[in-house]
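These are the residues of each chain, in order.
2 protein chains.
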Amino acid sequence: MKSQEIHLASRPQGTPTADNFSLIERELAPLQDGQVLIQNLWMSVDPYMRGRMIDRASYVPPFQLNHVLEGGAIGEIIESRNDQWPVGTKVSHMQGWRSHAICDGQGLTAIPATSLPLQSFLGIMGMPGMTAWTGLFRIAELKPGDTVFVSAASGAVGSIACQLAKLQGCTVIGSVGSDEKAESLKALDIDAVINYKTAGDLTQALAQAAPQGVDVYFENVGGEHLEAALNNMNEFGRITVCGMISQYNATEPQPGPSNIGMLIVKKLKMQGFIVFDHWQHYGDFAAQMGQWISEGKIKWDETIYEGLAQAPEAFIGLFEGKNKGKMLVKL
Amino acid sequence: MKSQEIHLASRPQGTPTADNFSLIERELAPLQDGQVLIQNLWMSVDPYMRGRMIDRASYVPPFQLNHVLEGGAIGEIIESRNDQWPVGTKVSHMQGWRSHAICDGQGLTAIPATSLPLQSFLGIMGMPGMTAWTGLFRIAELKPGDTVFVSAASGAVGSIACQLAKLQGCTVIGSVGSDEKAESLKALDIDAVINYKTAGDLTQALAQAAPQGVDVYFENVGGEHLEAALNNMNEFGRITVCGMISQYNATEPQPGPSNIGMLIVKKLKMQGFIVFDHWQHYGDFAAQMGQWISEGKIKWDETIYEGLAQAPEAFIGLFEGKNKGKMLVKL
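As they're listed, the protein sequences go chains A and B.
Under this note's numbering, the first residue of the first sequence carries the number 1, and numbering increases by one thereafter.
Under this note's numbering, the first residue of the second sequence carries the number 1, and numbering increases by one thereafter.
One or more hints might be untrue.
Stated by the list, open to error - Reference listing, derived: stretches of chain B covered by chain A, where coverage requires no fewer than 3 residues with Cβ under 8 Å from a Cβ of chain A:
| no. | stretch |
| --- | --- |
| 1 | 243-252 |
| 2 | 258-270 |
| 3 | 273-283 |
To be clear, the hints were calculated from the coordinates, so they are not data collected in a lab.
From the three backbone atoms N, C-alpha and C, an ideal C-beta is built for every residue, glycine too.
Chain A extracted, bound-state conformation (with noise of 0.2 Å):
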């Protein structure tokens, strides 16, 4: 059997390009008992993949150049040596960027059968969902009549977290960086929408939208973004710190926000999260999300390349805004 692989040939400098992946075909072992063969269906390319592909000592290992990358991707069990794990299973995992996976059944998910398409426990009611809710309502603390501004609003975590504030009864502001994803945004009923490319100062674009001051921020961005929410914020604001997606592409070190006073004057809660810490509480998120999309009370975009081999233009795509929600790779 061979499998189809995505390497990281070369590090990115800056905006990751073409050239710093390459597409390897390999022959697989044969299974050894325990051991399942997936066929990938589905698989995810996110934001956060981008800092493993620096070398530098972090809590997460970086991507090793010349080698498979991964990420999270959803595919069905082909062939088994594990009892557990019958051929037939669809199951979601963190081996994504290649056609086919082995895997010991450590690390893998089984999907519930719902009648929800199967990329959307790689969206909605997966990684980027899990981490809106999160975000929200157990970093955040998100509270009925708070005021909520989303950067990246369009995105596959920003339009979640835009629509799970509604449903609590918030005044969400989200902002995004084209004409057409405001529109879109518009069409979920979210409260004032900022094309960050055309408003200007951002700082009064926000106080405009908000000017009521701004309770909850959850940031996807960075930059003048952060700038804009700090000086907007209202006293005992919380500012959820999800992704600073301006800076992972940056050569050297970006000045932070020039504000940061702030958090002092206005009694702030600044908090990063990663939502894999939170995974245990994976099935509350799930039965959530799950009752309020079977009531039509959440909507999602997708954005689908074709064929792992667009599997690098698909991340690459991801910094230049060319995704609306979750950017996906079907196999």
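Dock chain B against chain A, hints included.
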């Protein structure tokens, strides 16, 4: 009755100078029913007062030009037309920067009868002590065994924070701005002291002092100190943001920490606070602190300037590191 008062003569540009202050003598009006006349005995100068010298919208109104300044003080009631506040009562209040104050009884706190020196209620038993306690226990959720980094560690708040953390069984590293201050901090059995003026790269100096990493950073300074702390924090660390004295005299916006993304990578919580929001817990604080003091478990320094006319110099001295422990003016 005449009162001497320090007025704000002009708004400081950068570090305050003597020219920004003027000493005025003013005739006080006779007391009305319900009022008391206080002769001030001690007054406090604190870094936070610098913020109120700027003319900007904030949650606390700025000091007005050619009006008397305000701040913590302790005095004795020498005339009273209020039965609740008899002559001879020692009180703490917020009408400092003047020799005599007229008050209607609001905002007065009677100094309890103890063997402690009166001025300790502007220091260890007052706002700075309560600030250290609040920042460690209510904001940073200090746990025994934590490694704690305190900046401005020989200051009024920092030196108490260091000792409170030691009392909890923590490992404590302090940063100070002179070898003399380092020596006095070491005399308090603090585990390691960094003289930031001679230590070179602060990230490396902190890494050497805390090879196990930092769980709690008590932030009094900002700038490079915050960057160094972020670089050395452990996962799930907490940064309690009490002050950023390095920023207060800046004449233009200072770049924030270039490594603010560490909040995500390390899942950090960073929270600003102002002690007055927590004043309902003063009784708990005072009981615990009084106990520790009576057991000889905590020590404090004072730096005393004599006479109201010296108050501006005492205040300016805060930004030049002239105080060990609490900076006070004896009237």
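Results of checking the hints against the structure:
no.	hint	result
1	243-252	holds (count 3)
2	258-270	holds (count 13)
3	273-283	holds (count 3)
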